[in-house]
Amino acid sequence: MNKSFHVCICLVLSLTFSCGKGSDSVPSAVQIRTPQGAFNWEACKGQSLYISLNKHPYTEALILEIPEFERLTGIKVDYNILAEEEYFEKLVINLSTRSRNLDIFMTGPQLNWGYIDSGWVEPLDTFLGDKAYLPEDYGIEDFYPSLLAANRWNKIPGKSNLGRGNLWAVPIQVETYIIAYRKDWARKANVSAPQNYRDFYAFARELNRAEQKRGIIARGLGTWPTINTGFITGFSSYGCVDFDEDMKCRINSPRAVEFTRLWIKTIKDFGPSDWPNITWYDGKQKFSSGEFGMYPDCDFFAASYENPAKSNVVGRVAYALPPAGPENNISSNLWSWCLAINSSSPRKVASWLFLLWATSRDQLLATAIRGNMNPTRKSVWEDPEVRNITDNWVGYREVVDKNLNAYAAVQWTPQKAFIAVGDRWAKALQEIWSGKDAQRALDEAAAEIEKIVANAYKK
Amino acid sequence: MPIKNSFSRRAVPYFFVLPALFLTIGILYPFILSLYYSLTDYRLGSAAIEFIGFKNYLVIFSSASFWRSLGLTAGYTAASLVLQIGLGLAGALLLNNDVKGIQVARSLIILPLMMPPVVAALMWKVIMAPNGVLNYLTGLVQFSWLGTNTAALPSLLIIDTWIYTPFVTVILLAGLRSLPQEPYEAAVLDGGSPWFIFRTLTLPLLKPFIFITALFRTIDSLKTFDIIYATTKGGPGSSTMLLQVKAYFESFRHYSMGSALSMMMVLWLVIFVMSRVLVGFWARSSRQALGR
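Heads up: the sequence lines are chains A and B, in that order.
Per my numbering, residue 1 is the first one in the first sequence, and the count goes up by one each step.
Per my numbering, residue 1 is the first one in the second sequence, and the count goes up by one each step.
Any given hint could be a false lead.
As the list claims (entries may be wrong) - Below, simulated PhoX-like cross-link-like pairs (lysine-lysine); rule was C-alpha separation at most 20 Å, straight line:
id	chain 1	residue 1	chain 2	residue 2
1	A	Lys-248	A	Lys-268
2	A	Lys-265	A	Lys-451
3	A	Lys-458	A	Lys-248
4	A	Lys-268	A	Lys-436
5	B	Lys-55	A	Lys-458
6	B	Lys-207	A	Lys-451
If you're looking for bench data, these hints aren't it; they were derived computationally from the structure.
Taking the hints into account, I'd like the entire structure generated from these sequences.
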């Protein structure tokens, strides 16, 4: 009986481990090139991929194209789409439990830092370093260099380490931060877009006076996205940094306190009275509905502001670069949605094929035309069809061009406790808005942030 | 067929308790695992998990933000209990009158309970917005119920009370309908005033129902997460950062599972102690109601 029992257990175990989805991508078994040397899109024919996607204009455009990928490669694609917060929660659970079912996921450089350090993300240089794995017409040099740099990291904390080391993800969308404002209100108030942060306060005040409506809306939730857009763009332009090169938190430096006070005062005086609850979509919706005078946030929200089905302010919005700091510098932050491969996926070659296809010029152009702004390839941004869409948005192409080519970079210091640091910083902003002294709130936050980082990196 | 084999006869009862055993293991396994992880430095993504004894507990006990969160959780629970038992009892007394249309009212009262708490919370978020209905009704201008430090927690209490008071009402109404009528008839014959009858008859007889409702509501309130997450996410600042929300941030956002689980173990202990106390009250009041 013992013998038969053991045989049964062995059978069950072998069945359990052999009945995975698809089969392991054993590179030796994959013919990525045909005998004639052409790129073989059917190298992983018969496999299945599972992709985790965040709800986003890119996703809506991508899923319409997936049957094309299935026809091209013979790979079946299954996916799920979740709203942003639920998406990231589920993603962390999948990645941290080393799920072999998840192959590809959407991410961004800043969030990836935590995932990379945990070993959850497949380094893409493995493929990029082997010419056989790259179709001749892929054109990686077509991507904006700042976006590829944002996705390279050598896992060492510190700003100088960004842009070094492996490439961890391929960008499929980029946003930089600008000022979208009501040009009709500005005309009425006889003011033009602010050139520096003193003007910024006055600009919000004048918009407020002109229409007797609130002059500004900004994100205010106690989580890192509140820092990530208009705030850190101004903070960096003002010459401030989150950490110095010794990884000492500098969000409480005299200049940082000065800028933070100014930012919060502008919002407190002319912003929404429920600012601590304002998410990015609240901001976008309220600005589109015509309730607010300006929204220093994502450039690509222009697609919504200029869409008559979603907006009351079509043709009444102008777009300006973020104001300059005291030294006349502009430093916009950037966020880029990217595709990455789960390091626990047993189907890495098939996943790479999907990444190649999804980030090809044709695919990125197709998604851009369907609303996925801004494109990450220069040729797509310059494509006549994309030009046609964006040319009517007053000042839009000019500010995005300037941001992408000169001002935009990741302004955060890479380190694996990014979310905890950003959340704590945002809480400090809420405290200041609620009346706490800015120096005290930022001193406390800086002390706590240093503990958070030390704890994350403790041996 | 008679079971002849004595071993089989002895084994049969054990066979029947197997499902209970599996159920117990199913419940206890995650709990014991959580207890173990609370004694480690477990971070999502870290390669090694080290046993660190009570260090997580010492760290959280020395943190002012932990005590603040625990205090907020206790205050929130106490306030929601008082409000909901009070309003629920009043509602049950009103609905206990057999007047025309009362059946419709009894059906309508449970509507909030049928709504998922997240949906109810989002609905209230809209109602409580600066340009929302609540400001219109109260005459306040651009007041942010959920965005102001001092008003956020009371606003959450309003939402919680709106959702869960019907639960209290339904249980207490069932209790009222099951009370014996003879003492009431005697009290009325003796000329007892309604207040006298309520104080000396209804309330003592209803106590077991009140305590059992309080037990359920205490456990639920101590664990409230969905309403807070859907509305304030613990803000503004930390003004609605109840312990369970704090533990969520620590775990799934900041990856510190060991620390988050130690907070949850403390919360479990609080719930366990509160439950034992309330079960004790319930047992005593049940005995008193039965005249034992």
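Taking the hints in turn, this is what the structure says about them:
As the CA atoms of Lys-248 of chain A and Lys-268 of chain A are separated by approximately 29 Å, the hinted pair breaks the 20 Å bound. Of the supplied pair hints, the one linking Lys-265 of chain A and Lys-451 of chain A is violated, its CA atoms being roughly 29 Å apart against a limit of 20 Å. Annotation: proposed proximity of Lys-458 of chain A to Lys-248 of chain A holds, straight-line Cα distance about 15 Å (limit 20 Å). Between Lys-268 of chain A and Lys-436 of chain A, the direct Cα distance comes to roughly 13 Å. Compliance with the 20 Å bound is thereby established for this hinted pair.
Pair hint Lys-55 of chain B plus Lys-458 of chain A holds up; C-alpha atoms about 14 Å apart against a cutoff of 20 Å. A C-alpha spacing of about 50 Å is found between Lys-207 of chain B and Lys-451 of chain A, which places the hinted pair above 20 Å, so the restraint is violated.
In summary, the structure is inconsistent with hints 1, 2 and 6 from the numbered list given earlier, while agreeing with the others.
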